[in-house]
Amino acid sequence: MIEFYLNDQPIRSTEPPASALLDFVRYHEHLKGTKIGCREGDCGACTVLVGELAPDGQTMNYQSMTSCLTPLGNAHGKHVVTVEGINAAAGQLTPVQQAIVDEGGSQCGFCTVGFVMSLTGHSLSEKPATEKNTIAAIDGNICRCTGYKSLERAAATLTAQLASRPTQNAVAWLSEQQFVPAYFQTMPARLAALRTAVAEEAAAATAHSNGTPAATVSPNGHTQSQNGHDSSAANPFAHPLLGGGTDLLVQRLEELREQPVRLVFDQSGRRGIRQTAAGRVVLGAATTASHLLESELMRGLIPQLPQYLKLVSSTPIRNMGTVAGNFINGSPIGDLTIMFLALGASITLASPAGTARELALPDLYLGYKKLAKTPEEQVTEISFPTPLSGDFFHFEKVSKRTHLDIASVNSAAWLRVENGLIAAARISAGGVGPVPLYLARTSQFLVGRELTADTVSAANAVMQEEISPISDVRGTADYKRLLLRQLLWAHFLQFAPALAVDELI
Amino acid sequence: MNHLDPNRHVRGESQYLDDVPVQQGTLYAAVFESPLAHGVLKSLDISAARAAPGVTHILTATDIPGINQIGGIVPDEPLLAEGHVHFRGQPVALVLARTEHQAHAALKLITAEIAPLPIITDPRVAAAQGELIVPPRTFKIGDSAATWAACAHVFEGVAESGGQEHLYIETQGAYAFPTEMGGVRIISSTQGPTAVQRHTAHVLGLGMHQVEVDVTRLGGGFGGKEDQATPWGALAALGAFITKKPVKLVLDRMADMRMTGKRHPYSSDFKIGLDADLKIVAYEVTFFQNAGAAADLSPAVMERTLFHATNSYFVPNVTATAYSCRTNLPPNTAFRGFGGPQGMFVIESAIAKAAEELGVPASEIQRKNLLREGDLFSYRQQAEMCHAEQAWDTAARQYNLAGLQAEVEQFNEQHKLVKKGFSVMPICFGISFTKTPMNQARALVHIYSDGSVGVSTGAVEMGQGVNTKIAHVAARTLGISVNRVKVESTNTTRVANTSPSAASATADLNGKATEMACAALRERLLQHACLEYTLNYEGLEIHDEQVLAAGVSADTDWEKLVSSAFWKRVALTENAHYATPDLHFDASTNTGHPFAYHVYGTAFTTVTVDCLRGTYTVDALRIAHDFGQSFNEVIDRGQIEGGAVQGIGWMTMEEIAYNDEGRLLSNSLNSYKIPDIYAAPAVLDVHFLDTPGHPKAILRSKAVGEPPLMYGIGTYFALRDAVRAFQGHTALPFSAPMTPEKVLVSLYPEFVAANSDQQKAAVTAST
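Top line first, the protein sequences correspond to chains W and V.
All residue numbers for the first sequence refer to full-length UniProt numbering, where the first residue is 1 and numbers rise by one.
All residue numbers for the second sequence refer to full-length UniProt numbering, where the first residue is 1 and numbers rise by one.
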C-alpha cells in the first residue's frame, strides 16, 4: 500500500510502485492540469511539488519534480501537490498565476502549469528570493511558444513580492498572500500522523512475518520492503533497484511497472553527507544532486560546485536523481560520475548476505553499460578523499544547449601541485569512450611535471591515445577529440591562469 | 470567455485533447509504423498481436471503406501503407485495444516483411535522379544571365539550412466518436479542422456533412498541425467508424518525432552580382528542398521560398528556381515562416559572402539595397506602404547601430579567447495564403437574448491569441464589453469550408469576417432602435454598452436594446463571409498580386562566442517591428519575442539528424534541444514602429505570427562574425544550424584536418 497526500486528499493506492506518478495523477485521480509533454523529464509540463516532513517534524520541505519520472512509490509518506492543490477558490489567481497572466507568459498554455508549479515551489522554498534563484526554479520548464521573456518579467514581479516573505512561518505568510491554500499549514501534522500510522502498520506486519527481513522505516515512514507487491516473494533481492527514477523510468517504465521493485530513494541511512576522521567524505547512495548542491560541506570543499551542478540537468531532475543512480546507470557521459571519478571516489557495495565490499569507481566499469557488480548488490555509500585546501578541482561540460542537456563531452580534473610540480592528478572524461573514463595514463603522465603549456600539450597527446570517441547525435568523433583537448586546456587555464594562452592555442 | 484563456491556463483548467473526459467503452489506438525507409511491403503478420490481451481490432489499408488517400496538394499519400513503404515511421496498421498499454504492447508483436529498395535522404541526390514532387518552378524578373559581365563583383556559393522539429508540447492526437447517423465526430488537435474533415470523409466514403470536427485549442502547432494532424484524426475516425466505439489516438513524444515531418531542410546554390556601388544587380538561386516521401504542403512551401528569395531587398534581375525533392524521410511540412526563412537564409548568405570577400560590413550592402516604395518583387507585386528603410533607420537610431558595432569591435580587440559578433537582419514577409482561393473566412455571430454574444469562426487558438483578438473585434464593433463575448470552439458544423489557421492570416481573415458580421448586427440593432425609441439613425451608435444618439445617451443600454429587438423578432444572428480583395496570382507566369500586404522589420543581434569551448550566448536581440496599429500589445509582443527565439533555436541548437537509412537520430527531447529560458537572449528589445498599418489588416493591426521567426536568422550571421573575429581565414560553410560543434571546428580548422589526415594515413597503413 502506498500512502500519501495528493493535494488535500489522503491516498491509499495499490498501483505498482514503479508506475509514474504522472499517470496516477492524470488517469486515476483525473487531475488534468498536469500535462504530458515528453515523459523523460526534459520539458517540465508535468512538474508537481513533492513535500516531505522536515526532520523537525514541524515543517515541510517542498521540491519540484517531474511526475513523469517520479515512481509512485517514492510519493509514499509525502505531500504531492498539483495545480489543483494550489488553485484558490472561485477562480481567483495566486500571485504566481497572476504574474504570468499579467505579463502574457502563457501562450498556448500547455507548459504553463509546469511553470506555475515550479515557481510556487520556489515560493515555498527557503532559497533567497533573488531574480537569479527565481529563474533557476524554472530551468527545467520548456516553453515552445518561447514566452521566456514574459516569464522572466513575471519572475521579476514574483521576486519583488517574495522579498517580504518572512524566514519564520513562511507558509502562514504564503497562505495569507494566497500563494497556497490554507490547508498547507496542516500538512506537517497530517504527514506526521501518516508516518506514525505507517510505522505501526509496518510493525504489525513484521510481527506476523515468517522470517522475511524486518522492514526498515525511512525518515518518511517508508518501509524498505514496501512496494505494493507481495514482499515475501522468493527472492526480493532480485528485484530491480529504483532510486530517483530519472533514468529507469525513461528507459524501462513499461517493464518496471509490471514487477516488484526495491525502492531506495527514501531508505534510512542512504542520505546524508559527512566527513570521517579518516579524512574521507562519505555520501549516502541516495544523495541527490540537489543534496550536493545544498551541502555546506561539499560547497566548502569545492566552492565552484554550484556552478558545476547548474550544468547538470535541471532543478526538478536534480531533486530526484541520485549520485549512485548516476554511477549505476553507467552512461559514458554521466556528469556526476565524471566529477566523482576525478575526486577519486569509491563505492561500497552491499550484498543480500550482508557483506560489503569497496570498489574504486573506475573499476565499476567493464564496458558499455557493463558493471563489475551483481544485480543483487546495492550501492550503500560513496566516499572520496577530502581534497586539501590548495588542491585544484574543476569540471567542464559542453553540450548543444548549455543547460538541461546531455554533454557532448564532459571532463573533470583534480590536481595537487607541490613546489611547482604536479604531485598528483586525476583527470576524467565522458563522451569519449564506452564508459565514463578515468584517464589513468593522462593522469599518471602529469605527475612530476611542471605546470606549463608544454606539459598540457604533451598530456593532450597522451589523452588522445587514451580515448576512443565515436560519432553520434552528440557530435562527430573528430569534434569530441577536439573538444576534450579544449576542455583539458580549460582545466589548466583555470588552475594556472598565467599559462600562456598563445602557446596553447 | 476565450479571451480569458490565460486565466484558465495558469489554473490548469484549459482542456486539451488528452484532457477530454473519456467515454466508457473507448478503445485506444496505436500505430504500427514502417521499420524501413523504403521498400515493397510484401506481407504483414498481425496474428500474434491480434491475439494479445485486450486487442480488439487491427486495421490495415484493406479495411478502409473509402479512398486510402490523404494527400492535400498532390494525392500521393496513403493513410495506411499499401504496396510500398516510403519512409520510416509511415503508418502501416492501426491497433485498437481496451487500454493504451495493451495497444502499445501489441505493436511489438506485429512483423512486416519488406523487400528493401534504395533509400534517398539527400535532396540533391533525389533531384539528380528525377525524384521530384512537382515540376520545378522559376520566378524571374529582368535578365540575370545578361548582367553578370557588367557586374563589378560576382560571388557564388552554397548555403544549407537544416530542418526543425515543431515540438509543440502537446503531441498529435484525436478522439473520434461514432454518431447515430453513421458518421463520426472527431475532437482533433489540428490547425486545419476542414482538412481533417475532408480527408476523413474520403477515407470513410462519407459526405463531409457526416464528419464533424471540433477543436477547442492546441497545445502548440507552429505549422506542424496544419496538414499533419490529419492522419491521426482520420485514423481515429476509421477506428470509430468500424468498431462503432469511441477511439482515442494520442502519439507519444518519440512516435510523434519519428512519424511526422518537420521544417524542410534546403540545400541551395547562389550567385550574386553587385555594381561598384554595392547595389545588387542580379541574383540567381537554385533551391533543393528536401520534401520527404510525399507532397504534403511542400509545393506551397517551395513557392513561398521563391516569393521571399530576395527578402527585404530590391533586386532588378532575379532568377530563382526551386526543386521539391522526394526523399525517404517523413513528409516535411509547414513550420512558421513556411519556406520564407529558408529563402531568406540564402540571400543573406550571398550578401555575407560578398561582404566577407569585399571586406565591407554586410550591413553596408544590406542597407543600400532595401526595398523602397514602388519597387517590384520578382513576382511583379509592388512594395506598397513599404517600411523597410524606416524599420532599419529607426532601429539604427533607437539602438545606436554604429555604437553597437563599435562596441563589438572594441571588445574583440581586447579579448583573445572570447569574441563578440554582430549582425543586422531586415525582414519582409508577405501576408496572405499564396494560394488565393484560401484567403476567405466566415464568422457566425449569435447575440443571445440576454445580450451575451457567441462567435464562431474558422480560427484555431493555439497560443497566438487569435480568440482574444476576435473577441476584441466583436466587442469593439458592437460597442460592448469584451466580457460579454465568448469565442466558441472551432467546429466544422458551425463554420464550414475553412482555411487552416496558418499563413499568419488567421486573425485578419476571421477577424474581418467577425467584424462584418458584428457590423451587420449593429446596423440591424440601430435600425431597430430608431423605430423603437424614435431616434434619428444618423449619429446613432453603441458605445460602452450605451446607445448614444448624436453623442447623447438615448436612455437604453445594450441589454434592453437586445431584448427589445428579440421581442420585435429582429434576427440576432449573422453569418459573414470575408474574401481578401484584390488578390490574384498566375502560377503559370508566377506573377500577380498574391499578398494583401507585407510586414517589415529589422533586428540587431549581438552574440558572444567562447573561443576556448566553442559555446556561445545570444546576448541581445534588438528589434524594430512593423505592427501597424497593434490593438493588443501583450499578445503581439509575445508573438515577436516567441517567434524570434524559435528562429534562434532553428539557427543554433536545433539539429535534426537522420542516418543514411532514414532513421531519425534526434528522436527525443534529450537529443533534440530547443531553447530553454537561458537560451533566450538576455536583452530582447522590441520597438513598435510608428506605421499606419494596412487597411487589409484587422483593425490595421498587422499579422504577427510568422515574420518574427526570421529575426532569428541574424543569430547565424552574428555567430559567423564572431568566429571570423577569432579565425579570419577559416573555411566556414554557410550551414545552419550553427551548433557548438560547427563553431568549435571552425575556430580550430587545423585540428580536424590533421586528425582526418592521420586517420587516412592509418587506413592506408592498414590496407
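Hints should not be assumed to be uniformly reliable.
30 Å max Cα-Cα, derived DSSO-like pairs, lysine-lysine [to be verified]:
(1) K368/V with K140/V
(2) K310/W with K370/W
(3) K271/V with K369/W
(4) K310/W with K416/V
(5) K132/W with K416/V
(6) K132/W with K370/W
(7) K368/V with K271/V
(8) K140/V with K435/V
(9) K108/V with K42/V
(10) K271/V with K435/V
(11) K108/V with K370/W
(12) K486/V with K368/V
Note that these hints are calculated values from the structure, not bench results.
Quick caveat, the model's predicted, so the values are computed rather than measured.
Structure-based check of all given hints:
Simply put, K368/V and K140/V have alpha-carbon atoms about 22 Å apart, close enough for the 30 Å limit, and the pair holds. Note on K310/W and K370/W: the hinted pairing holds, with a Cα-Cα distance of about 28 Å set against a maximum of 30 Å. The suggested pairing of K271/V with K369/W is violated, with an alpha-carbon distance near 51 Å, which exceeds 30 Å. Straight-line distance between C-alpha atoms of K310/W and K416/V comes to about 26 Å, which keeps the hinted pair within the 30 Å bound.
As the CA atoms of K132/W and K416/V are separated by approximately 29 Å, the hinted pair is consistent with the 30 Å bound. Between K132/W and K370/W the CA atoms are separated by roughly 40 Å; this puts the pair beyond 30 Å, and the hint is violated. Between K368/V and K271/V the CA atoms are separated by roughly 18 Å; this keeps the pair inside 30 Å, and the hint holds. Of the supplied pair hints, the one linking K140/V and K435/V holds, its CA atoms being roughly 19 Å apart against a limit of 30 Å.
For the proposed pair K108/V and K42/V, the alpha carbon gap of about 19 Å is at most 30 Å, so the pair holds. About 29 Å separates the Cα atoms of K271/V and K435/V, which keeps this hinted pair within 30 Å; it holds. A threshold of 30 Å between alpha carbons decides the hint, and for K108/V with K370/W the separation of about 26 Å falls inside it, so the pair holds. At most 30 Å may separate the alpha-carbon atoms for a hinted pair to count; K486/V and K368/V exceed this at roughly 49 Å.
Violated hints for the displayed structure, listed by number in ascending order: 3, 6 and 12.
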